[in-house]
Structure formats: structure tokens, C-alpha cells
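Asker: Sequence:
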Amino acid sequence: MEPLFKTVIYNQHVKLGAQMMAFGGWNMPVQYRTGIVQEHLATRNHAGIFDVSHMGRLHISGPSALAFLQHVLSNNAAGLEVGESQYTLIPNEQGGAIDDAYLYRFVPDQYLLVVNASNREKDLAHFQTILAHFPNVQLIDNTANTGMISLQGPQSRDILAAIMDSGHFPEPLKNRLSTATLKGIPAWISRTGYTGEPLGFELFIPGHAAPVLWNLLIENGACPAGLGARDTLRLEAGLPLYGHELGIDEKGNEIPVFSLPLSRIAVSFSDLKAGFIGKSALFHQFEALKLIMDRNFSRIQDLPRMIFPLALTDKGVIRSGCRVYQGMNPVGYVTSGTMVPYQKVAGQGMLSRLTSEKGMRSVGLALLDSRLCEGDVLSVDIRGKMTPAVIVPYHLRSEAPPFARPILYDALYQAENDASCAQDILRKVDTLIDDAARNSIWRQQECINLIPSEQTPSKLVRLLSALDPSGRYAEHKKMKAFSEADVFYYQGVDFIEKVEHLLQKELRAYFGCTLVETRLISGQMANTAVFSALCDHLNRSDRKSEQRRIRRVLNHHIIKGGHLSAQPMGALRDFVARDPQTDKAAVINFPVLEENPYQIDVAAACQMIADYQPELIIFGKSMILHREPIADIRSFVDSQNLDCVLLYDMAHVLGLCGPFYQNPFREGADIVTGSTHKTFFGTQRGVIAADFNRDCIQYPLWEAVERRAFPGSVSNHHLGTLVGLLMAVYEMNAFKTGYQKQVIGNAKAFAAALKDCGLNVAGDPAISFTETHQVILSVGYARGPEMALRLEDNNIIVNYQAAPDEEGFTAAGALRMGVAEMTRFGMKETDFQTLAELIHDVIVQNKPVKSQVTAFRKRFQEMQYCFSENEPRVQKILEAIV
Numbered sequence: 001m002e003p004l005f006k007t008v009i010y011n012q013h014v015k016l017g018a019q020m021m022a023f024g025g026w027n028m029p030v031q032y033r034t035g036i037v038q039e040h041l042a043t044r045n046h047a048g049i050f051d052v053s054h055m056g057r058l059h060i061s062g063p064s065a066l067a068f069l070q071h072v073l074s075n076n077a078a079g080l081e082v083g084e085s086q087y088t089l090i091p092n093e094q095g096g097a098i099d100d101a102y103l104y105r106f107v108p109d110q111y112l113l114v115v116n117a118s119n120r121e122k123d124l125a126h127f128q129t130i131l132a133h134f135p136n137v138q139l140i141d142n143t144a145n146t147g148m149i150s151l152q153g154p155q156s157r158d159i160l161a162a163i164m165d166s167g168h169f170p171e172p173l174k175n176r177l178s179t180a181t182l183k184g185i186p187a188w189i190s191r192t193g194y195t196g197e198p199l200g201f202e203l204f205i206p207g208h209a210a211p212v213l214w215n216l217l218i219e220n221g222a223c224p225a226g227l228g229a230r231d232t233l234r235l236e237a238g239l240p241l242y243g244h245e246l247g248i249d250e251k252g253n254e255i256p257v258f259s260l261p262l263s264r265i266a267v268s269f270s271d272l273k274a275g276f277i278g279k280s281a282l283f284h285q286f287e288a289l290k291l292i293m294d295r296n297f298s299r300i301q302d303l304p305r306m307i308f309p310l311a312l313t314d315k316g317v318i319r320s321g322c323r324v325y326q327g328m329n330p331v332g333y334v335t336s337g338t339m340v341p342y343q344k345v346a347g348q349g350m351l352s353r354l355t356s357e358k359g360m361r362s363v364g365l366a367l368l369d370s371r372l373c374e375g376d377v378l379s380v381d382i383r384g385k386m387t388p389a390v391i392v393p394y395h396l397r398s399e400a401p402p403f404a405r406p407i408l409y410d411a412l413y414q415a416e417n418d419a420s421c422a423q424d425i426l427r428k429v430d431t432l433i434d435d436a437a438r439n440s441i442w443r444q445q446e447c448i449n450l451i452p453s454e455q456t457p458s459k460l461v462r463l464l465s466a467l468d469p470s471g472r473y474a475e476h477k478k479m480k481a482f483s484e485a486d487v488f489y490y491q492g493v494d495f496i497e498k499v500e501h502l503l504q505k506e507l508r509a510y511f512g513c514t515l516v517e518t519r520l521i522s523g524q525m526a527n528t529a530v531f532s533a534l535c536d537h538l539n540r541s542d543r544k545s546e547q548r549r550i551r552r553v554l555n556h557h558i559i560k561g562g563h564l565s566a567q568p569m570g571a572l573r574d575f576v577a578r579d580p581q582t583d584k585a586a587v588i589n590f591p592v593l594e595e596n597p598y599q600i601d602v603a604a605a606c607q608m609i610a611d612y613q614p615e616l617i618i619f620g621k622s623m624i625l626h627r628e629p630i631a632d633i634r635s636f637v638d639s640q641n642l643d644c645v646l647l648y649d650m651a652h653v654l655g656l657c658g659p660f661y662q663n664p665f666r667e668g669a670d671i672v673t674g675s676t677h678k679t680f681f682g683t684q685r686g687v688i689a690a691d692f693n694r695d696c697i698q699y700p701l702w703e704a705v706e707r708r709a710f711p712g713s714v715s716n717h718h719l720g721t722l723v724g725l726l727m728a729v730y731e732m733n734a735f736k737t738g739y740q741k742q743v744i745g746n747a748k749a750f751a752a753a754l755k756d757c758g759l760n761v762a763g764d765p766a767i768s769f770t771e772t773h774q775v776i777l778s779v780g781y782a783r784g785p786e787m788a789l790r791l792e793d794n795n796i797i798v799n800y801q802a803a804p805d806e807e808g809f810t811a812a813g814a815l816r817m818g819v820a821e822m823t824r825f826g827m828k829e830t831d832f833q834t835l836a837e838l839i840h841d842v843i844v845q846n847k848p849v850k851s852q853v854t855a856f857r858k859r860f861q862e863m864q865y866c867f868s869e870n871e872p873r874v875q876k877i878l879e880a881i882v
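Numbering (our numbering), first residue to last: 1 to 882.
Watch out, some of these pointers could steer you wrong.
[Unchecked claim] Below, computed lysine to any residue pairings styled on SDA-like, alpha-carbon distance capped at 25 angstroms:
hint	residue 1	residue 2
1	876	863
2	344	62
3	385	428
4	183	123
5	315	287
6	828	444
7	315	376
8	183	166
9	344	319
10	344	391
11	505	376
12	358	387
13	477	699
14	315	393
15	315	37
16	847	444
17	183	212
18	385	398
19	251	62
20	122	252
21	584	183
22	290	390
23	358	46
24	480	514
25	174	110
26	428	444
27	15	208
28	850	792
29	505	696
30	174	393
31	459	825
32	755	790
33	480	181
34	478	265
35	480	825
36	459	748
37	741	850
38	174	597
39	122	62
It should be emphasised that the hints constitute simulated quantities derived from the structure, not laboratory data.
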């Protein structure tokens, strides 16, 4: 028997009393004195540390490195920017996997490929047979002289931060990379792992420094975990293990790569990959998969079996090799299975929490007949006993950092009883009325409302919105045959036609522009209409070919506060092209200042524009503290002669448009969109504005906007709230000067007061932290939801928000607050100073201040910056409603 390799951290495992075993030619810890179950739970609840130095680490460089990787790997290596990594496979010509791997690009001129320990020599031999065709490639095996440590779990971020001397964390997105120094140790850091944890890092360090770093991480709270826990964690997460879910099946046949769910992100058929190894066989599997997903099994011979998560519904333990049946028919076998521990959960949704009570469940992965699907009830032969099981979509979910959440099969298939009788309906009617009245009194009379995307309309606006024509139709369209006159498709619309014309006139005056579209009923819809119109405009010379999408878009990433509607996951999704280089949406993001992630780095943005030449640039954020650099970007775009549309989504700052904040059209914006109910006084609707003349080359784009508003977006454009909006715009034009000045003054005073109370206010102190209505308060990683709930219990309503360095809203460590609504109710700078002290008492001292807040709110009951809501006006509307 050949001697086993030892990792550079071997001696530390022995000192910790680890139980060692042979694995892939290495002497590795299977568990420590704590045991597999405790190591699993420690990773899920705190942080586990794994020695993964046995994994093969191959450094690939040279002029032909990318071409080589594109040929031997299944994924699109050309899509990796510096600072990114990807899961990939090493395919063979038969469409099976020689190995699965991770490809990292820490530096421009080199790639790091991490392969399985047991396959390292096989992989190297495979690569050597191909390298002869790529003479300008250097492949170096650095496994022996480097260390690799995996730090996984909800506390991993804090542990790593405690020893980080310099550098920074990777961007808070999966597969991102960075470099840092950890107590003097140079480290490459990746947001990757093999546990299913939403928060975890893999660290690449010099071999001699690995034992030191290992000890440092343990000293700062990480729990050593062995291969046993690593296997239960990866199985619970549904991640494959080579030799089980990949490689050769029980009959000695290749397991098709597309049997594995992860193949859908690990295989690319990009034109940039040409004839990579196994492409033909993989493409046949891919075509079969698409048909199978539509329940078409005509090509099932190309993909006869697939990997499914399997959960027992009775007592027993699934083990690798167990046979699986549907009725009496064999349908496959278990590839991996065991008992895994989990922490039981109390409560629901964001209020749920992991308890100290532990449970155990048997979970597995199985290679089963491709005709099966989620929810199918099966039987597993466990030592001769047929034990019921069910195919589940997953055992664990990881999209709510910092914790991974166990998903039990019975929680997925709970039935709801929706039956009700007539008496129930009457009771529900009374309950609804009582609850609605109580809620309105609470929010309008007892609470301090600080959510920056909300605004209470005046009483006249609300009442007018309930009048006829609420619920009616007034579809209309400009027709060139009638000299651009609007033609209405319904009768009885004279009043709403008048309202729309007046509304457009008032909004043109407000924006200082020539064109306004008011039929959209939300800001997101307004953006969708603009994106659709731009696609229509780009294809105006060719209506027969497949209509192309927007080739490149520059926007704010949602993690940096960008609007949801401006993301590929939002309204932009169906209108932006796929980048052939990356296989992703052709979207690039504004760079931000290193010292202030809330502000665009204009110089870097201009360089990005020159490099990528976007067709659409989207300004505007939902977490916005600064003016947008429209004038600077406009000037640069013009200097480059770029055909590019500048869109400013002013959703949050629409009510601040003017001399105290920004005049977007004077600064160079082409189009403005927005919500009419945040800082603006209106009902919940959307608006599009532009400043094109009829002889302008961009005027046809505006005509496309009108077409995409109707009939492209709406039929009934909610006429009641349109009437209310007209009153709101009258108010805005009459009172905007005093209102806008007071909002910005209040925001600056509020931020300064919070800072004076010792709280951590985000932003630039040189401008009193904000130039808008928003104030952002940092309360500690993942404490945002807790603090927002604590404030709500004290009648202070805010919303928690992920800061730019946090992984998502469930890990939010910030509170986003806005002063617009309470400014309208009469609060001034000194009042926000008082409020800051109350917030300090709640957050820092956990002091109950509900009665104080309620009493404080009593001083601010009468709405300002609106027309008198005198009794005759209100009575006239009420009589009309009745």
C-alpha cells in the first residue's frame, strides 16, 4: 500500500484529537472529539473550519491558457472577469464527467483550477494528453506547497474580519474573489464552499502559513470539522460527490453530466467554446433535458436517469446503494444517503428563528428514472424493508443569509382548508373593517413613518381618487389620421380627458420638459415601458428579423442600492441582450468610490462607458444619498459620440426635482421615470417624461414610449388615482419650494443628530451624510430586521436594508429611513433631533418608548404643503361618493 499524503495542517488535526482516515490518497480527519453531528450543527449555526488542502490546485497560465480551458472544461471560462470564479466540469467525449472542479481567476494572467483529491493525478494525466496541442500553456500542480482552508457558516464573516489586516472581502455575491492579508498572511479569498452555507469563504494561502491561519481561525471562534460533517453538509445541500452523483454508475456506465441539476450552470454551449471535449454528447443530453422538463420523453434514451433529492417519510436511514421503487417497479438507486441533524425552527418567515432543539432526518440523492418528478411517492428498500419516501425539490435553502434553512418534506406539502360558510364571510367583513380602521389610526395618528418609499397623500387626493371615474375605462391613442388627436374608445370620458390634459400640463411645468406620459400605474411599469420602447426604437428599420435587445446597459447593482426594476431580475429582464462573452445579461454596474460606496466613481464610470459603449445608462437608486452625476456622464458620452440613452429613474427623488436637488433635463438626461408616491405627493402611479422636440432625432423613441404605454402596458389605467394625482401635482407645484428645502434640511439634521447620539450613520459627513430625503443607519451585520422590528414595536416605522457589503436583505445591517412623510406632517429640524434620541434609546438601550413616540406624534397630525381640507370641500366630495 502506498503511503498516504499529509496536508500541511496534519499536525494540527492530530493535536486536536481527530480521527484520521484514508481519503483519496490522503490522511484526513473524518471527525474531531466533538463528533460529526456537532460539527455539522456548529457549521450551520456558527462557523465550521475545514482543511481542504488535499484538493488539487492547478495553476494554468500562458498565452493559450484560455483556449486550453475552453477546450477541456464544460463552462465558459471566457466569462470570468478578474475577481470571479465558476463551477465547472471536466467532461469526456461520451458526455460523462472525468471530474468536477472550480475555476478561479484571482489575477489577470493566471487561472486556478481546483479538482477533487482522488482525481488529481487522473486529471493531470488527462490534461497532459491535450497540452501537446496547446504549446503556450503552463500547467503547474501547486497542491503540495499551498494550503486551502474552508471557513463556512453564519459567523464566518465576523471571524475573518477579526484577523484581516488589509485588503477586503469579496463582493457580497457568490463566486466573487478578493485578496487580503490575514495577520500578516497573504491570502486569496473566495465566496465559495461545499456546504450549502450562504455565507462562507475558501482561503488559499502559502503552505507554511496554513497551520498558523488554522489556529487563528479556531482562536476566533471557528469549530474544526472533518470529512464526515463535510459530507452531511454537502448532502443536505444537494451537492454532488464524484464517484456517487458523477462518474460511473453501479453498472459501470457513465452517468450523463446533465443528470446532475448543477449541469445547467456548469455547461455552456457558447460560440466562444467551439468544439470542446464532449460537446456533441452533452448537447444531445441538453436537448433531451429540455424535452423532459416539458414532460416530453421522446428522447429519454439520451438522458434516461437524473439525480433527485429524496426524503424518507417514515423511520429508517437511506444509504448509498439502496434500491428505489415506484410501486413494484424499480426506478433507480440511492447515490448518497444518511441521517443529518438540523436545528428546529420556531415562528414563520422573517420572524422565524433557529431554536436550540435538535432534530434528525434521513435525506439522500438518488439516480432515478427521468420520467419521475417532484412530489412522486416512492419506496426505498432498506435492508429488505420497503420504506416510503418522496422526491422533494431540495433539503435546504440558502437564499436567506446568514443562515441556511432546513426544509422538511412535510412543510412542503401542507394542505390548506379554504372552505368557508356565509356566517364566516360576514364575520370576515366585520373583521376587515375593524382591522383596516385600527391600522389606519395606528399608522396615521400614532406612528412616526420613516419608510422613504412611502408618502401619505392629502385628504383631498385620497377622496378624489374614490370618485367616479374610478373603475371605468378610457383607453385612447393618438392617431396620425386625425393630426395626432387622441381618439378615445369609450364614451362618457370627457371629464377624464380633461384631467389627463391638465395633468400633463402641470407635470411638464414641474419637470421643465415638453413630453409626459401619465397612464402608467407604477414606477416599475414606467421603466418596463421605456425598456420596451427602446427595443422597439432600435428595431425600427427592420421589422422582419428577430428583434434584437439592448446590447449593453450600465446601471446600479441592486447590492449597491440600485432599483429592482433596473436589474436583469426585474423589469430589464426581457429587454437586455445576453453577453456572448459571459453567457449572462449584458449589464455592467456603476463603479463606486472605495471610501464611499454610496457614490459613483465618475472617472471609473467614464472609462467603463468607453470600454463597453452601453446603449442605455440608468441612473437612480432606491438607496440614494447623493446627486447622480448626470452632467459629467452626459458630457463624456457626447465627447465619445456614443448613441446612448440616459435614463434617470427618479422614483425616490421625484418630489425633490428642482433647484434644491437636481434638474435632470438641464443636466442632460434624455428620459425621466418615477413613482408618484414616494417624495412626490401623489397616488401610487408611475410617470415618464422627456424633453424632445418633434424634429429631434430621438422623437420616434418618444412615440414608441406612448405605444408601449398603451396598448403595450395598460388597458384600464386606473382613472380614479389619475384624478387624485392631478390634485397632488397642483399641491406639488404650489408648495414644492418650501417642501423640498425642508425635506433636505430635515434629512441633514436627522443624520447629524443620529451621529451625535453615537449611532453609525452611513455616508459622507462632509455633506451631513445626505443630499436627499434618505438617511442610512448601520446597526450591525444581520441586525437590521431585528432593529426594524424593535422600532416598530415602539411605533417607529423604518425598513431594514442590506448595505453595499452585505449579502442580501435577510443579512441586512442597515436601516433605510426617509423624512419626506413626516416633513409633510410638520416636523422640523429640532423635531428630528428629538426623534434621533428616541431611536437611540430603542437601538442602543432597548428602552421601551412607545408611549413617548405616540405622544410625540400627536403634535404632528395636520398635513402641511397642501390645500386647505376645509369642511365644504370635503363634504362636496363625500356627497358625490354617496
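Asker: Please go over all the hints and tell whether each is borne out by the structure.
Answerer: Outcome of the hint check:
1. Restraint check for residue 876 and residue 863: the C-alpha separation of about 20 angstroms stays at or below 25 angstroms, so the hint holds.
2. Of the pairs offered as hints, the one joining residue 344 and residue 62 is violated, with about 51 angstroms between alpha carbons and a cut-off of 25 angstroms exceeded.
3. Only pairs whose Cα atoms come within 25 angstroms are accepted, and residue 385 paired with residue 428 is rejected, the gap being roughly 50 angstroms.
4. Of the supplied pair hints, the one linking residue 183 and residue 123 is violated, its CA atoms being roughly 35 angstroms apart against a limit of 25 angstroms.
5. A hinted pair counts as satisfied when its Cα atoms are at most 25 angstroms apart, and residue 315 with residue 287 does not qualify at roughly 39 angstroms.
6. This hinted pair checks out: residue 828 and residue 444 have alpha carbons roughly 18 angstroms apart, not beyond 25 angstroms.
7. For the hint linking residue 315 to residue 376, the alpha-carbon distance of about 18 angstroms falls within 25 angstroms, and the restraint holds.
8. Using a Cα cut-off of 25 angstroms, the hinted pair residue 183 and residue 166 holds, with the two alpha carbons roughly 9 angstroms apart.
9. Of the supplied pair hints, the one linking residue 344 and residue 319 holds, its CA atoms being roughly 24 angstroms apart against a limit of 25 angstroms.
10. The suggested pairing of residue 344 with residue 391 holds, with an alpha-carbon distance near 22 angstroms, which does not exceed 25 angstroms.
11. The suggested pairing of residue 505 with residue 376 is violated, with an alpha-carbon distance near 60 angstroms, which exceeds 25 angstroms.
12. Of the pairs offered as hints, the one joining residue 358 and residue 387 holds, with about 23 angstroms between alpha carbons and a cut-off of 25 angstroms not exceeded.
13. At roughly 17 angstroms between alpha-carbon atoms, residue 477 and residue 699 fall within 25 angstroms of each other, so this suggested pair holds.
14. With a C-alpha separation of about 20 angstroms, the suggested pairing of residue 315 with residue 393 holds against the 25 angstroms cut-off.
15. Among the hinted pairs, residue 315 with residue 37 is consistent with the structure: their alpha-carbon atoms are about 19 angstroms apart, no more than 25 angstroms.
16. Distance hint between residue 847 and residue 444 is fulfilled; the C-alpha atoms sit about 23 angstroms from each other, no more than 25 angstroms.
17. Between residue 183 and residue 212, the direct Cα distance comes to roughly 9 angstroms. Compliance with the 25 angstroms bound is thereby established for this hinted pair.
18. Of the supplied pair hints, the one linking residue 385 and residue 398 is violated, its CA atoms being roughly 34 angstroms apart against a limit of 25 angstroms.
19. Straight-line distance between C-alpha atoms of residue 251 and residue 62 comes to about 41 angstroms, which puts the hinted pair past the 25 angstroms bound.
20. Taken as a hint, the residue 122 and residue 252 pair is honoured in the structure, with Cα atoms around 18 angstroms apart against an allowance of 25 angstroms.
21. Note on residue 584 and residue 183: the hinted pairing is violated, with a Cα-Cα distance of about 37 angstroms set against a maximum of 25 angstroms.
22. For a cut-off of 25 angstroms, the pair hint linking residue 290 to residue 390 stands: about 23 angstroms separates their Cα positions.
23. Our distance criterion of 25 angstroms between C-alpha atoms is met by residue 358 and residue 46, whose separation comes to about 15 angstroms.
24. A threshold of 25 angstroms between alpha carbons decides the hint, and for residue 480 with residue 514 the separation of about 19 angstroms falls inside it, so the pair holds.
25. The hinted pair formed by residue 174 and residue 110 meets the criterion: a straight-line CA distance of about 21 angstroms does not exceed 25 angstroms.
26. Restraint check: the Cα-Cα separation between residue 428 and residue 444 comes to about 24 angstroms, which is no more than 25 angstroms; the hinted pair holds.
27. Distance restraint check for residue 15 and residue 208: the Cα-Cα separation of roughly 17 angstroms lies within the 25 angstroms cut-off, and the hinted pair is therefore satisfied.
28. With a CA separation close to 9 angstroms, the supplied pair residue 850 and residue 792 stays within the 25 angstroms bound.
29. Between residue 505 and residue 696 the alpha-carbon distance is near 21 angstroms, which keeps this suggested pair within the 25 angstroms criterion.
30. Distance hint between residue 174 and residue 393 is fulfilled; the C-alpha atoms sit about 21 angstroms from each other, no more than 25 angstroms.
31. Straight-line distance between C-alpha atoms of residue 459 and residue 825 comes to about 12 angstroms, which keeps the hinted pair within the 25 angstroms bound.
32. Taken as a hint, the residue 755 and residue 790 pair is honoured in the structure, with Cα atoms around 20 angstroms apart against an allowance of 25 angstroms.
33. With a CA separation close to 67 angstroms, the supplied pair residue 480 and residue 181 exceeds the 25 angstroms bound.
34. Taking the CA atoms of residue 478 and residue 265, the gap is about 46 angstroms. The hint is violated against a cut of 25 angstroms.
35. With a C-alpha separation of about 47 angstroms, the suggested pairing of residue 480 with residue 825 is violated against the 25 angstroms cut-off.
36. Simply put, residue 459 and residue 748 have alpha-carbon atoms about 28 angstroms apart, too far for the 25 angstroms limit, and the pair is violated.
37. A distance of roughly 30 angstroms separates the Cα atoms of residue 741 and residue 850; the hinted pair therefore is violated under the 25 angstroms criterion.
38. Restraint check for residue 174 and residue 597: satisfied, since their Cα atoms lie roughly 19 angstroms apart, inside the 25 angstroms limit.
39. With a CA separation close to 22 angstroms, the supplied pair residue 122 and residue 62 stays within the 25 angstroms bound.
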